[in-house]
Structures are given as C-alpha cells and as structure tokens.
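S.K.: Read top to bottom, the protein sequences are chains Z and H. If you're matching positions, the first sequence starts at 426 in my numbering and goes up one per residue. If you're matching positions, the second sequence starts at 27 in my numbering and goes up one per residue.
Don't read these hints as lab results, they were simulated from the structure. No residue lacks a Cβ here, since even glycine has one placed at the ideal position from N, Cα and C. Keep in mind that the hints are not guaranteed to be accurate.
Said to hold, decoys possible - Here are the simulated lysine-lysine pairs, DSS-like style, with alpha carbons at most 30 Å apart:
1. Z:Lys-465 to H:Lys-53
2. Z:Lys-869 to H:Lys-67
3. Z:Lys-439 to H:Lys-195
4. Z:Lys-967 to H:Lys-161
5. Z:Lys-624 to Z:Lys-558
6. Z:Lys-461 to H:Lys-94
7. H:Lys-94 to Z:Lys-431
Claimed, not checked - A few chain H residues that face chain Z, going by a derived Cβ cut-off under 7 Å, partial list only:
8. Tyr-84
9. Ile-100
10. Gln-176
11. Ile-189
12. Thr-193
13. Gly-211
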Amino acid sequence: MFNIDKYLEDLSFKDVSPSDDLIEHTLVQCKSEMDKRASKRSRTKHKGGFFMNKSTYKRVGIIATPVLAVLVIGIFLATNFFSTKLNSVQTYYTVDINPSVCIGVDKNDVVREVVSQNDDAAELIKKIDVKGKSAELAIGKIIDTAKESGYIKDSEKYVLIGHFGKENKEFTKLQQSLEKNYGDTVKLLIVSGSLDDKKAADSLDVSAGMLKLSKQAQGVKVKKEDKVEDIIGTVNKKIHTNLCAPKLQVKVASESSVNLSWNKLDLNAIGFVGKVTYQIVMGDSEEQILQMNGQVVATMSYYSYGQQPLHYNLKSANAQFLGQATKYFAIYAKFDGSETVMCSNVVNGVLGEALTTSSSPASDNSNKNDTASSKTTTVAPSSAKNNAGASINNFSNIRGSILGTTVSLNWDKISYNGFEGYKVMYSFINSKPVYQNSGCHYAKWITNPNETSCSIDVTTLNGYTPGATCYFSITALYSSHNVKIAGNVISIPMPSAPAEPSYPYSNIISSVSGTTVNLSWDKINYIGFEGYKVMYSFVDSKPVYQKSGCYYAKWITNPDETSCSIDVTTLNGYTPGATCYFSITALYGSHSIKIPGNVIATILP
Amino acid sequence: MGVPNVLIERFVEGDSNALNSLIEEYKTDLYNLCFRLTLNKHDADDLFQQTWIKAIKYSDRFENTSFKAWLFKICVNIFRDDCRRLSRRRKYVVDEFESTSEKDLVITSIDSEQSVEEQMEKQHTQALIVTSINKLPEKLKTPVVLFYYQQLSYAEIAQTMQIPEGTVKSRISNAKKKLKGELEGYLNV
Chain Z
426 MFNIDKYLED LSFKDVSPSD DLIEHTLVQC KSEMDKRASK RSRTKHKGGF
476 FMNKSTYKRV GIIATPVLAV LVIGIFLATN FFSTKLNSVQ TYYTVDINPS
526 VCIGVDKNDV VREVVSQNDD AAELIKKIDV KGKSAELAIG KIIDTAKESG
576 YIKDSEKYVL IGHFGKENKE FTKLQQSLEK NYGDTVKLLI VSGSLDDKKA
626 ADSLDVSAGM LKLSKQAQGV KVKKEDKVED IIGTVNKKIH TNLCAPKLQV
676 KVASESSVNL SWNKLDLNAI GFVGKVTYQI VMGDSEEQIL QMNGQVVATM
726 SYYSYGQQPL HYNLKSANAQ FLGQATKYFA IYAKFDGSET VMCSNVVNGV
776 LGEALTTSSS PASDNSNKND TASSKTTTVA PSSAKNNAGA SINNFSNIRG
826 SILGTTVSLN WDKISYNGFE GYKVMYSFIN SKPVYQNSGC HYAKWITNPN
876 ETSCSIDVTT LNGYTPGATC YFSITALYSS HNVKIAGNVI SIPMPSAPAE
926 PSYPYSNIIS SVSGTTVNLS WDKINYIGFE GYKVMYSFVD SKPVYQKSGC
976 YYAKWITNPD ETSCSIDVTT LNGYTPGATC YFSITALYGS HSIKIPGNVI
1026 ATILP
Chain H
27 MGVPNVLIER FVEGDSNALN SLIEEYKTDL YNLCFRLTLN KHDADDLFQQ
77 TWIKAIKYSD RFENTSFKAW LFKICVNIFR DDCRRLSRRR KYVVDEFEST
127 SEKDLVITSI DSEQSVEEQM EKQHTQALIV TSINKLPEKL KTPVVLFYYQ
177 QLSYAEIAQT MQIPEGTVKS RISNAKKKLK GELEGYLNV
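One chain only, chain Z, in its complex shape:
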C-alpha cells in the first residue's frame, strides 16, 4: 500500500540561511521604508496639529469637510485677489549653516518673511531684522551673524545657499556678490530649484537647500538634524562609483624630470559637491601606487559652486627626481567627506628612455584635444563611468576554461587597501555580468585577495542549459560595496545536450540464471551524465524512466559500472513465467534529459 504520509513525513528540507548581502540589502530597504513612514507621520502631525486616530479622522472629516472646503475656496479667492496688490512671496532662499533659515522674497527680491528651520536658527533670527531688505543684504546679514555667534569658525565651514523660484537677474547678481564677499571666508555652495522642490522639502520638514544638495547622488536621505557637511560627505561617497578619471600622460623632459599632463575633467558631470583635492603621486613600483603610498609631487584643489557648470582644464605638473630608475605615476583624489581614492590610470617610465605603460584596458574615451609626443604613451581607463577598478588594478586579465562540467577561472590579484572581495559573476542572458546588475548571479564570493582562481560546477548555475553560452566575469568590491569594478568577460559554451533519444546504445544484453537476470550494456561516455536507471515493466514493452507502468530496479551513478544482477522475485508484479521487459534509461542534466536504450524481453523463471 502506497503511503504518501510516510514519504512526506520522512522528507526533511535542509536549513538555508539568507546571505549577508541579502540581509544588508533588506536592512537598507527597510530603513528607507521606516524613513518614509516617519516623514508621513510627521506630515500628519503638522497638517493636523495633533494626532488623531483613524476613526476620529472619519468623524471629524464628515463634519469638517464642507466647512474646510468653503474656507479653502475663500482663502484661495482672497489670496488671488490680494496678491496683485500686495507684494506676495514669489521666491525662497534657504541659508544652511546649521542654523538653517528660509527667507521668502517678493518679485522685487525684497524679503517678506523669515522662517527658522531649526532651534539654532530661531535664536539667530531674533538677533536680526531683515524684513523689507533685499535678499542679498539679508543673506549677508545671516552669514555675518552666524559668524559672530560662533557657528562659522574658519574658512573650511560650508554655507549652502538655496534659491527656489524662477531664475532672474537678481539671482545672478546675488551669486556674484556672495562669491565676492564670502568666497574667501567660507566654502560657499549655491543650489537652485523650483517652488515644487521647496514644497517637497516642506512636506519632509527639511531644508529645501539640503534636500536639493542630497539629489546630487541617488539614494541620499536628509534628516532635519543633518548638517551641510553630513550631506556632502554622503553624496561624495556615493559618487565614488562615478569618478571622472583623468587620462594621465608622462613625458620625459630631462634626465631628472618628467612632465605630467592629464585631460579635462568635468566635475559637474559626476555630481561632485564641495572641494576636491587631486594629488599627482609618484612611486617606485605599481604596487606602491596601488597601495596608496605614492609620494605626492603636485597637489591641486577645486571647488564646485552649486549648479554652475564646472570644467577645469588642468595644467601640467613637473615631477623631479634623481638617478636612473623606473618611476610610476597616478592621480589620487580626495573628495570632501570621503577617503582618498585613486582615480587615474598608472603610467611608468624609465628616465631618459622611451616610456612604457601599465596594461590597462584599451578603450580610449578621453579628450581628443590631448596631445602626446612620440615618447609618450597613455592608457585610458576602461570606462568613464566605471573606471576606478581599471585604474585601481587594471582588472582585465580574467581567464577561463571548461573541462567536463567544471569551469575554471583565474585572474590577476587586486592590490588595493579598500579591497573587500571578488564576486565571481555569471549570466546566461546578460553578456556583461556585473554584480547587482539585472540577470546576473554570483557563483562565489571570495574575500581573500590572494585567492585568484576558482572552479565552478556549471550544472549548479542558475539557468544552466546544456549548449547555452554562459558569460563569466569578476566584480571586485571596495569600500563597503560602494565601489564595484567589473573585469573583462569570458564567454564559455556549456556542454552540449546529448543527441535526441533514439536508442543510442543498443547493446543491452541479458542472461538468466535461476531467479537472477544479469544485464550488461555499453558504457555511456558523455558530459552531464548522471546515472543509469535499470528499468523494467510487465505491461509496457518499452520501459522508460518515469513512464506509467514502468519501474526501476537499480539506480547506478558510476558510468563505468555497466552491468547488474537483479533478483526477479523482488520485482514489482513478479509472476513466474511472465515476460518482463528490461531496458536502461540514461539520465542527464538534473534528470531533465533521459535516453532509453534497447529493450530486452525475458521470460522469468
């Protein structure tokens, strides 16, 4: 009697644990959801002025809706009527130093309202009276008072000015004036947005300037208590993955010096905020450069000012050194609020000799205006948007091969102090597998930088199909997964599917001895082979695995084991003198492919 309960109860699943990556991503998403809920609660609180439960809302709503509607229409009509006569607020400026102040100005840029956005600001605006004054004067007064009150202690302090409304001549004048008057004493940032941006910030109960600043990079959240520096740090950390890499060139100038030059940088295009310091570094080995231990030979600092386009055409720097030796050069970048990262290719040269370069990926997307002499060779990063890895370690030498169902991959070691690990990526649908990209999976996660090879059983890959092409690559991760560097791609065809079932091995033979049937057959020699099912049936003259009325007597997984003996008295439905049909079904590809052999009919003793 077939007892399904027993089978179900005997079955136990293995315990599986969520990966650390999954937990990490879940936490990030959950925290974002929590933030959303918190701001929703906050809005509810501000709108209502007090908390009400759902049923109270319903009851109050029934009574209040018509009254409110009349009031809203009345206020709307009254506002429209008077706005033509009164100087209503048309534009907002935010000043974030922490204190954070918002001022509303009319169409003539005259201050009509001043609102504190945190407790410090409430104290500060008590000390000033700027209503009726120009926006320029008001903002200047706020900065000056913040200085006097100790909120601005040195020229490293950021002051963020936000402008929300239509851009006009007054705004341009104001920017020029602020830069002239305060550019040397504070780090001035100016952002600009629409009135909708202001409304969005109001609904989140944060400064519109800070919210706008946070939009420089995706996924940066603003909290009311955040300081300008906090947002800048977060934004700059995010844009590491989008660094604008200068293409560095080296040219021997004399026995003791080289000229270094690099291409134009579009800092605005990468969403850069605040100050960046570029360091031209020199080292005795590529390793030294990669480990961020290069000797600084030149330094340059640049600031961004809000939304204005920024293009810096950098000049060349001379590096002096003595003696004949190979020297390596690169550019490091230090963004405000973030660690120093390498952002260019590595070049090297022997003094007095023609220069050579490190073996970076070849695609050159750099500025066409760059000039290079016959003694100058350059190496461009692999991609402008994903160049950090190329420059960090020329991550292009991934090799792969397949033997049977095992793929072997190896690659060059990454040497970088922010390195976290190698994700061994694969995809059957995406020809450029990169960690966290759609359709891409990882087969291994290797955190030891010295472990530069791995083997993968392709039959375990997600989406494995015999004969399909699988794309492999390695993504190196840095800085808490914030930076991911994809290497080159290897495409490897998977082992082919066996031929269509057509009784490919027809040499199954049998002999009977007493109540024992001996079967033997030719060896199956095929990649993906899983085993032989020794099948029999008393009712079906062509027994095949998983066919109705057919059973298997043995399951043999060793391809070299090509014979077996069966005690016929143990067969399901055994009757002395009956004809039993035997065959072998060979299984492949996780049982998805089955190939039956020829059939032997035997009269049982």
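Go by the hints and put chain H onto chain Z.
M.R.: Chain H only, in chain Z's frame:
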C-alpha cells in the same frame, strides 16, 4: 521563545535598532519558509525582502500576538498574491527549480545499514517528492509546506492563511491525493 514585547513596540514606533534585532532573530525561520515556498534562491530573496518591507509598512496593524506568526502571515500572503498575479509564475518556478539541483534541498537521514547507493536512491526519491510538491497549485502547496516542513498546527495554518481550519485539513488531504497519484507509479517499487 519569542522576542521581548518592548522590542516589538520599538519596532512599531520605527526604531531601526529594533528592526536589526528582529531581522537577526527571525531571519533563518523566515528565509526557510520563503525558500520552501518558492524553491529557488532568487524568488526566496525577493519574498524575504518584501516580507520585511510590508511588515514595516503595516507595523501599526500588528496586534499583540506572536510576531513570528504575523511575519509568516505576511510572507504567505505575498507569495499567494505573487502566484495569483503572475499566472505563469508557477511554471517558471518549476522550470527553474528542476534545472538546478533538487537533491541539494533535502536531507537524507544516514542509516548505517544502507549502502551509499541506497542512500543516493533515497535522496533521489525525496527529490522526486519535492518536485511534485512544487507542482501543486499554490493553495494546496502552502498548507503542505506549513504543515510538514514548518511544523505548524492546523490552527496556526488557518490563522496564517486566513482560512477556516476545516479548509486547511481538506486542502492538505487534497494535496496528498494529488501527490499520491503523481508519485505512486514511480515510488511503489
């Protein structure tokens, strides 16, 4: 043993530290449920994430019952909605599952009297059962997974799936009939 009530209260109030603790506490139980329902890693990952996000979204609806049961209820509801919404989903899941390694999902108890071949045979049999369970319609599969592999009682399943206890019993019984019909030919050797 459940988590302290104060932790859940803090979670409902939006405390992210409480969230960390709850995820840590329930990650294995919940992920196992996700995996057994979906039988593939990627869908299990999605289901796990969606469950926590919904738990936060609807945390103010949590009543002072078992947090784990509430979490499971959310998970099962999402799975059911996904199956309904994606009419081809079950086929997709089955295909993906069969193309990977179902044998890797099950534990074969070691019987010292059994040969290696017999143990492999047993593992293969169990894999066949897993495949058949996965082919069941969602409304039959979920109670089977909860009853046999999450060790929930009929009453707990009824609460989780929001259906009467009698319906749970009849669905499990129907599931067993289907499984029997599917497997009898292969296993009754």
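S.K.: Any of the earlier hints contradicted here, and which numbers?
M.R.: Going through the list in order, the structure violates hints 8, 9, 10, 11 and 12 and respects the others.
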